[in-house]
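Visitor: Build out the structure end to end from the sequences listed, making use of the hints.
So you can see what is in the structure, the chains are spelled out below.
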Amino acid sequence: MFTYPGGLSVGKGIYWNLSSGERFGVNRKAVLPGPRDERYWKTPALGACLAGPAAGLLFAALIPFLFMFVMLLLLPLTVFASTAALSQESQTCLGCHEAPGMAMTLGDKTTVSVHVDGKQFSGSVHSALGCSGCHADVSLDKHPSAKYATKQQFLMHLASACRTCHADSQLMANPLHQRVITRANAPPCSACHSAHAIRKVSDRKEKISTSQYCLTCHTKPLTKTINGEPVSLALDEGWIRGSVHRNHECSDCHTSYSKGYHPPPTALANVRELSIVTSETCKRCHFDMAVRYTDSIHFTLSAQGNQQAPVCSDCHGAHQVGPKAMTDTMDGVPCRKCHQDLFAAYQKSVHGMLKTAGKGNPPLCAGCHNAHNVKPAMASRSPREMCLSCHPAYAASHQQWLPNPQAHLEMVACTACHVPAENKRSIYLRLTDDATGKLLNDADVRKLLEARGIAGRKIEPKELWWLNRKLNEGGTVSISVAVSMNDSVHAHYLTPKEEALRQCEGCHSADSSFYDTVAIASAGPDGREVYHELDPKVLGSAYGVPLLRDFYVMSGTRVTALDYVGLAMILGGMAVPVAHGTIRLMTARLRRERQHRGEGREKS
Amino acid sequence: MKRIYLHALPVRIWHWVNALCFFVLIVTGAQIRYRGIMNVMSFETAVNVHNFFGFVLIGTFLLWAVYYVFTGRLKVYIPDLNIVRFILAALKQAQYYGYGIFVGDQNPHHATPDNKFNPMQQVAYFSIMFFLLPAQIVTGVLLWDLDRFAAIIDMVGGIKVLGGVHLFLTLFFTAFLFVHIYLTTLGHTPLEHIKAMFTGYEEEPEHGH
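Line by line, the protein sequences are chains A and B.
The first sequence maps to residues 1 to 604 in the numbering used here.
The second sequence maps to residues 1 to 209 in the numbering used here.
The set of hints was computed from the structure by calculation and includes no laboratory data.
Glycine is no exception: its CB is placed at the ideal position from the N, C-alpha and C atoms.
Just so you know, not all the hints are guaranteed correct.
[Unchecked claim] Quick list of simulated restraints, FRET-style, between CB atoms:
#	chain 1	residue 1	chain 2	residue 2	range
1	B	59	A	587	42 to 50 Å
2	A	598	B	184	53 to 61 Å
3	B	114	A	589	34 to 42 Å
4	B	184	A	391	53 to 61 Å
Guide: Structure, rendered in structure tokens:
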């Protein structure tokens, strides 16, 4: 109505072709070009510019009303859809059974819910069957009273109804079903499929994720046995949600499983093997950590067949894998699970106390032992480098008061002074292969000890001499000495520096308890040290002079044989004046007489 | 009585400082070796005092060396290079100590500033001052700083060998000390030689020469 057709004679103004957008300006009078169905709109240029946004605004303002209008149209469909499609019979049953909280008391006085959600049932694949389609003993005419002793009996009875349509041959075609339903204690169908909300499996599969599909069953209390050992297959959905892997699908880790395939169980020797085998999957993403792990004591033990050695899931959890930061907390550090005694000692240490108080950045277990390439700290090895990596200034500060700091720091483990005095120290003689710089294999040492019949008892100084000679037949073996803690738990009792031992007498005393235990250290098959105790006399023995040439603790490890030499020398020195003086006394009279006679002085 | 000026002041100072050092070093040394059996002072004190007096001993040894080298009197320590003459004189001296002294014979040796020691003293003091005391000083200095001298210590066979040598020399000096002190009482009067080491003058009866 506000437009002009083509061919019309029009007055002054600007005309816009509505199909091509072409501008047609008229100064006085002109005929609009084109046929009659060509439409023109008359408006000044500014009007054309404003028209677009104005129309947009109008549309935006109308959207909510449009939406509300559509919703109002759809509402009756959704509200009344549920039961509308159900049969008369079903609607009659739901008349009572849709009441929330409706329950039945069983023979064992427990109650079971007999409430049915009509909406869910109408969406069920079985809605067309009506109630009596499954509950065959119930109809509009009869409603038998309860005759079930237990809930299980009730559920199993109802599950038998499923088998009337779903023949065994159909069920056995699915390997998962086959496994479950052939069990003596097979769960009722409803345990996985629910009772009244059963959907067509294929429809449901398409709509849900793999994880949701798996959790359909695995949130139920599923168990299985491996060689008679029961193992739970149940998960808490909350575990997954709280895990850093929450965005992964189950099949990302359980790679042989999918919505379409559930493989038969792998043959395993025991439940532990399940964790070991499943942890292999972590490598797929965490390859770098898996490589590091191969350089750990845990891997070595595991590779040697020790099933107690931890695998990924032992430290990180299986389905509850927490964030990395959690492992750096006193509560979340995984090591404490197995190493309770060491952790209890750590808690009392200066590091543990600071960590608990949240002060500074003290190391937790991994600070000294590493996280994946976990290494045991060895008693015979001074962990000096480890300590100094965080406390570099202490190497210099020890030089200010400690004589021979290098010799001290090389042979004395930091723990020897920085652990309270009441904990036992020992002397370790490290048998080191000069060619590799590593500890000798204990198997080689043990073989020699057994050959001489001294394995398992204290080795005498002379026997150590023999052992050293034997070991040096095939190469160069050197013995270095370390003063360190006798017990790995005690080694964790690190004190604040103010409480460190500064009494030289701790070591530099003939009666120091440090010298009560002396042992040679070699490397065991798992990389940890193995000790063979020595007679502590070796420290003060003449055999020790060349064997332990650099280890001399004044007052502590003196060569006792020299004491007797010394005593003889001093007694010899004292004997001269005693003997000579005695003879002088005895001959005094002789001299007096001679002097009296006027002799002697003139002689010679 | 004849007064001979036998011991110059630097010698007397050296002697008594040296004596003090010997005493302190032997006691602290024993304490360092036998802590736990002998508890006179703490280990730390013993080590610090031992180190301090060790260096005092080195200082006073240098005083001795400088004095004797620059006065040209070092020769009093050098035994007679004519070996036959030396052996005869030494035997004579030994005969005196072993026999003559008991029967009242006169000491064959008469000390003068240029000929202070009898042949036996010369052997003893020459060994001590030229070999044993320097060896004790060297082993002591090496043991004083194991870190600095680690390479040298390793060369001589390790710290236990070095410590053994240091101990052995200490034992020799300790044993010698008993003999040394006893011999000082063999003068004209028992305190004659000791007094001389304070005053510098040795008194000798006029007769007999």
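Visitor: Would you list, in rising numerical order, the hints stated earlier that this structure does not obey?
Guide: Hint 2 contradicted; others consistent.
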